[in-house]
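**Q** Residues per chain are reported as follows:
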Amino acid sequence: MDHFKSLRTIVADRESIVTEWMAQLAAERHELHELLGSEYIRQQSETLLIEFPRLTVPGTASPDRERDSYEGVSRWLQNISLRTAQHGGSPHTFMPYLLRLKAIISERVKDHPEMTMQDLYDGLTALDRVFDRINHLYYDFYLNRREQVIKAQALAIQELSAPVIQVWNGILALPLIGAIDTQRAKGIMENLLREVVRTKSPHVIIDITGVPIVDTGVAERLIKTVEAARLVGAECVMTGIRPEVAQTLVMLGVNLGDIVTKATLQAGLSYILQRIRQGEQEAAFADTKILEESVS
Amino acid sequence: MQVPILRMNDVLIVTLGEDITDEEAISIKHDILVRIKETECEGLLIDISVVDLIDSFMGRVLNEIAEMARLMGSRTAITGMSPQVAITMVELGLKLEGVYTALTVERGFEWLKNQKTGA
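Chain order of the listed sequences is E and B.
With the first letter of the first sequence counted as 1, position 159 gets the number 159 in the working numbering; the numbers rise by one all the way through.
With the first letter of the second sequence counted as 1, position 65 gets the number 65 in the working numbering; the numbers rise by one all the way through.
Possibly wrong hints are sitting among the right ones.
[To be verified] List time: in silico DSBU-like cross-link candidates among lysine-lysine, alpha-carbon distance up to 30 Å:
(1) E:224 - B:95
(2) E:289 - B:37
(3) E:224 - E:151
(4) E:262 - E:224
(5) E:262 - B:95
(6) E:262 - E:186
Hints are computed from structural coordinates only; laboratory data are not their basis.
Being a predicted model, the structure only gives us computed values, none of them experimental.
The whole structure should be built from the sequences, with the hints applied where relevant.
**A** Here it is as structure tokens:
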């Protein structure tokens, strides 16, 4: 027997349910009203009630039919949850609104004439299960949406966090800011190497002034980055090692090996410019020598 | 697969292809050493810009070539390593110590020229 039938007849009285619903929300000055506007809520509430009779009680129909029956409500939930989230609302605002409808329908089931005890019980159970399902769908959307936002932010942070700047012809600077974890270190390394190859820059300054804590893990990742940069053909200078960072590194016994370190970005830049000049002189010297050899 | 070993002035130039099997790697190593002896070149330039995968074996072979070439009086420069390969090498712990690495063939060539004159 379809226990939902009695519910359908009750919900068919749409106008009066919506009026009662809205009146109750208005009486308690519900947050959603202020967020989305009472007119919008009224429209949305009516849409929900139009969709409501199409629903089936979970577990009473075939899975396909059940999914189909909830399609309209799913769409509705998606719209309103998105809109609620955009206006800064949360399940704390949305759930009481939705559960208010359940309370109203329960009340009407109770007052329905020609109800036996059994019918009453079955009707309320059916109502419960339908609303459980709707809640479930709502939370699914809400969490999905949250996760999307978090992922987008993580991506934005990653992109913002390791900009590679070309400071001179053939010199890149990588100012690092904030804590460095494995995931970020990987992104930074890939980003740096890509830029080195793209701009054909043989010199890189890695500035760690903005890195609050440099422990063995961070140091190891930085060393790996320097090594990988050397393999593609770029020489790294590390700058901005603060006194406390220098202390921790020595205390931890971290050996930065052959990595050239300078106190400030400026010192790093002047070191590199000097190296470039030196290289040019060597090249000129080599050229004259080859020339002399070929002449003699 | 036969890899051409070109000579330019005093430098031997080898370009490694995309897929190199372990056997091929060993025969390339052999060929290079023989050519160094024949030509008495003092510089060896290996370009790996088209290589998009280097395993631990190939990494070791590159290291060996550089080391052996050094014993025969020739300096080695490896050029054009792609970021992905560099990351793999670092993860594998292959640092190619004693090998000069450069972004482009041009820079590698420049370095070898400077080494030769001992500037």
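**Q** Taking each numbered hint in turn, which are not upheld by the structure, reported in ascending numerical order?
**A** none
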